[in-house]
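full-length UniProt numbering puts the first residue of the sequence shown at 1, with every later residue one more than the last.
Think of the hints as simulated: they come from the structure by calculation, not from any bench. For glycine and all other residues, C-beta sits at the position ideal for the given N, C-alpha and C. Honestly, I wouldn't trust all of these hints.
To be verified - Derived CB-CB ranges, DEER-like:
| id | residue 1 | residue 2 | range |
| --- | --- | --- | --- |
| 1 | 302 | 149 | 53 to 59 Å |
| 2 | 465 | 500 | 25 to 31 Å |
| 3 | 569 | 302 | 45 to 51 Å |
| 4 | 170 | 120 | 17 to 23 Å |
| 5 | 136 | 281 | 40 to 46 Å |
| 6 | 312 | 606 | 54 to 60 Å |
| 7 | 156 | 132 | 23 to 29 Å |
| 8 | 603 | 468 | 50 to 56 Å |
| 9 | 498 | 584 | 46 to 52 Å |
| 10 | 302 | 490 | 44 to 50 Å |
| 11 | 154 | 233 | 27 to 33 Å |
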Amino acid sequence: MLRDIAERMTELVMDRFAVSDASFELDETRDAVTLYQRFTFLRALFESENFQRALHEIIRRPHIAWDTTSESVRAGAGIRADSHILRQFTKGGSRSAWPDGSLKSVPSHFNRAQTEATHDTTPNRFVKFALEHWVRILGDIDRGLSKPQATPATTRGRREISAVKSQLEEVLHCDMFIDVGRLTRFPADDQVLHKREGYRDLFKAYVETEFAARLSWQSSPDVYGAGQRDVATLYEYWAFIQLSQVVAEAVGHTFDLSPLVHTRPDGLTVGIRTGIETVLTGEVNRLDRRMRVDLCFNRTYRRSAASVSSWTRPMRPDYSLLISPASGEPSPFEPIALHFDAKYRVDFVREIFGVDNEGENAATSESSTRLERGGALRDDLLKMHAYRDAIHRTAGAYVLYPGGDDEGERRQYSEYHELLPGLGAFVLRPTDTGIATGTSALRLFISDVLDHVAMRLTKHERSRYWLTETYDRSTLWRSPQTRTLPTLDASVLLGFVKDHDHWNWIRERKSYNVRAGARRGGVSPGAALLSSQLLLLYCPSTQEIAFARIVSDAEEITEVGMAAAGYPAPRGNYWCIQIQWLTHEHWLHGLTSQAIDTYVRNRGAMYGEPIRVLWSDVMSLSESA
Numbered sequence: 001m002l003r004d005i006a007e008r009m010t011e012l013v014m015d016r017f018a019v020s021d022a023s024f025e026l027d028e029t030r031d032a033v034t035l036y037q038r039f040t041f042l043r044a045l046f047e048s049e050n051f052q053r054a055l056h057e058i059i060r061r062p063h064i065a066w067d068t069t070s071e072s073v074r075a076g077a078g079i080r081a082d083s084h085i086l087r088q089f090t091k092g093g094s095r096s097a098w099p100d101g102s103l104k105s106v107p108s109h110f111n112r113a114q115t116e117a118t119h120d121t122t123p124n125r126f127v128k129f130a131l132e133h134w135v136r137i138l139g140d141i142d143r144g145l146s147k148p149q150a151t152p153a154t155t156r157g158r159r160e161i162s163a164v165k166s167q168l169e170e171v172l173h174c175d176m177f178i179d180v181g182r183l184t185r186f187p188a189d190d191q192v193l194h195k196r197e198g199y200r201d202l203f204k205a206y207v208e209t210e211f212a213a214r215l216s217w218q219s220s221p222d223v224y225g226a227g228q229r230d231v232a233t234l235y236e237y238w239a240f241i242q243l244s245q246v247v248a249e250a251v252g253h254t255f256d257l258s259p260l261v262h263t264r265p266d267g268l269t270v271g272i273r274t275g276i277e278t279v280l281t282g283e284v285n286r287l288d289r290r291m292r293v294d295l296c297f298n299r300t301y302r303r304s305a306a307s308v309s310s311w312t313r314p315m316r317p318d319y320s321l322l323i324s325p326a327s328g329e330p331s332p333f334e335p336i337a338l339h340f341d342a343k344y345r346v347d348f349v350r351e352i353f354g355v356d357n358e359g360e361n362a363a364t365s366e367s368s369t370r371l372e373r374g375g376a377l378r379d380d381l382l383k384m385h386a387y388r389d390a391i392h393r394t395a396g397a398y399v400l401y402p403g404g405d406d407e408g409e410r411r412q413y414s415e416y417h418e419l420l421p422g423l424g425a426f427v428l429r430p431t432d433t434g435i436a437t438g439t440s441a442l443r444l445f446i447s448d449v450l451d452h453v454a455m456r457l458t459k460h461e462r463s464r465y466w467l468t469e470t471y472d473r474s475t476l477w478r479s480p481q482t483r484t485l486p487t488l489d490a491s492v493l494l495g496f497v498k499d500h501d502h503w504n505w506i507r508e509r510k511s512y513n514v515r516a517g518a519r520r521g522g523v524s525p526g527a528a529l530l531s532s533q534l535l536l537l538y539c540p541s542t543q544e545i546a547f548a549r550i551v552s553d554a555e556e557i558t559e560v561g562m563a564a565a566g567y568p569a570p571r572g573n574y575w576c577i578q579i580q581w582l583t584h585e586h587w588l589h590g591l592t593s594q595a596i597d598t599y600v601r602n603r604g605a606m607y608g609e610p611i612r613v614l615w616s617d618v619m620s621l622s623e624s625a
C-alpha cells in the first residue's frame, strides 16, 4: 500500500511540480519510517520487473556525450583534411617550405580536433549516485540490525540485505561507471532523466523512494515514529487513491490531485490528513445528461440546510460520491450521495452480511455481531444503514475491504428491484503488481450508477421527485384519488398507445411520451397539450383505456435515453410526462378505445396523433357511446 501511494504521489510530483520544487536532499537524515520498513520497500522496488528492465536498458544502451580535444600534429604526419584544417593553411606563425606544392609554405604544426565518446554525463552520474545512495541505505540498515543481540530474525534480515546490496554493487562495477564522476547538483530538469527509456524509470524510482520516506499523513508527526504503523488508517488512504482512479476512469477525465501535495520549506508532505476534507470534482455526460461528480474524503455531514446533510448527529463516512446536475443542465434532478467505508479488519464479506441461510436467532445474538479477533462484524452493516437513514439524499452505502474473497465476490442489496437505493461491499486489495484486486468490479458498479442516475425514467428518480414535492413544496398536489369529478373545463390529453408492449411500458414506468421535434406527429416545445391536466390513454390494438393525472412538466428525452429506459424501439426524441393513475372507472363508463379513436379521426387528426380536449368533451363522448 505504501508503494502504491508513493508511486501515485511521485507521478504527481514529477508531472505537476517537475521535481524542482521537491527540495530532495543528497543525504539521508530523516527518520519517517523505520530502517527495516525502508528495506522492505527498497527490496520490493529492486525486485520489480520495471526496475530490472530499466537497469538492463541503461547498461545496454547508456547515454553518451562527445568530448572534443585538440592536439598539435606535424605537417608531415598525415592529416585528414577538413574545413578546420584547411583554414589553418593561411594562419601566421612558424611555417615550413612545401617544395613542388601549390603553396610555397605550410604551417609547421596543425591543431587537429579529436572527438571521443564518454559516459561521464549528468544522467549517468545520477544513476551512479542513486545506486550508491541505495547501497549506503542498505549499509545503514545492516549496521542497525547488527547492534542488538543476534536473533534468527535479525540474522535472516541481514542475509536478505546482503543479497540485495550485492546485486546493486554488481551493477556499479559495470564498465560504464568506471569513468563516471560524482554528481555535483540534483538534475531535476534533465530531459534525459525525464524522457529516455530506462533513465526515466530509475529517476522515478529514486523520487518514489525518497517521497515514501517523507510521507506524513496525519497531524501528528509521530504517526510512523519508532516503527509504529496504523495499517488500517494507511488502508483508508490507499483506498482513497484507488477509488479516485476508478471514479476518474468512469467519468472519463483525470482528477486534479495537486491539492493533495503541499510544499513546505523542508520538502513535501501529502495533504490528506485526518480531519482535513479533500474534494475531487469532475463532470460527465451520460445518456445526454450532464452531471457533476464530487468525490469527498473526510467530509462531515452535520445538521444544516445543505441538500446533503445529516438530520441527526454528525456523520463522517470515509468517502462520499456526490452526483448532482451540472451547471446549466436543462433536465435537473435531485442530487444523490453514495458513501463508502474502508474496513481493513474485514476478511470476508460474510463477516459483514452473514450467510443467506443464517437463522434469525444467530442474526440477533451478540456473538454474531463480533469477530473473534475483536473487529466489528454486523456493526459495519448497521453503520451503512445509519448512513442511509441519517444523511439526506443518500442512495447507497458500501464497505471496501481487502480480505480473502475473490475479486468477483461482492454482496449488493437493493431495497427494491433497481440498482439504487442499496447497500453492499466490494473487495479492494493491494497486490505486488500494483494493480489492485477488485477495481474492475468497482469500476463497473460506478459506471452503472452513473447510467442509473442519468436515466430520467427510473422509479428511483420518480420516488426522489415525489419525496421533494411532498416535503419541499408549499402548495401540494391535490390527492390523485380524489372522489370529486374534474371540472368541465379541465384539459385532457387523449394519448394514443401503439400496442401491448408500449402499454406495459407506460404502466410500468408511469410515464407517457409523445414525439418531439419537426418529424411527423412531432410536438413543439410550447404546445398546449403538453400542459394538460389529465391523460386519457387508449390502445385500439388491445381495446384498453386508462385514466391518469399528469403530475410533472414535459421533459425532452433523447432516443438514447428512451432506449436505456427500456422503451420499445424508440425513434428520435420524445416529450415525457409523469402520471399518477386514477382508479375511478365509473368516470369513463361506456367509453371504448375504438370510440376515442373514431373521435380523434373525426376531428381531423392523423392516426395516433395526440390531441387536447376538455373534460366536457370526454363526458359528451361517454354519454353518446
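Comparing the hints with the structure gives:
no.: 1; hint: 302 x 149: 53 to 59 Å; in the structure: 54 Å, holds
no.: 2; hint: 465 x 500: 25 to 31 Å; in the structure: 28 Å, holds
no.: 3; hint: 569 x 302: 45 to 51 Å; in the structure: 49 Å, holds
no.: 4; hint: 170 x 120: 17 to 23 Å; in the structure: 21 Å, holds
no.: 5; hint: 136 x 281: 40 to 46 Å; in the structure: 43 Å, holds
no.: 6; hint: 312 x 606: 54 to 60 Å; in the structure: 57 Å, holds
no.: 7; hint: 156 x 132: 23 to 29 Å; in the structure: 26 Å, holds
no.: 8; hint: 603 x 468: 50 to 56 Å; in the structure: 38 Å, violated
no.: 9; hint: 498 x 584: 46 to 52 Å; in the structure: 26 Å, violated
no.: 10; hint: 302 x 490: 44 to 50 Å; in the structure: 46 Å, holds
no.: 11; hint: 154 x 233: 27 to 33 Å; in the structure: 28 Å, holds
Comparing the model with each numbered hint stated earlier shows that hints 8, 9 do not hold.
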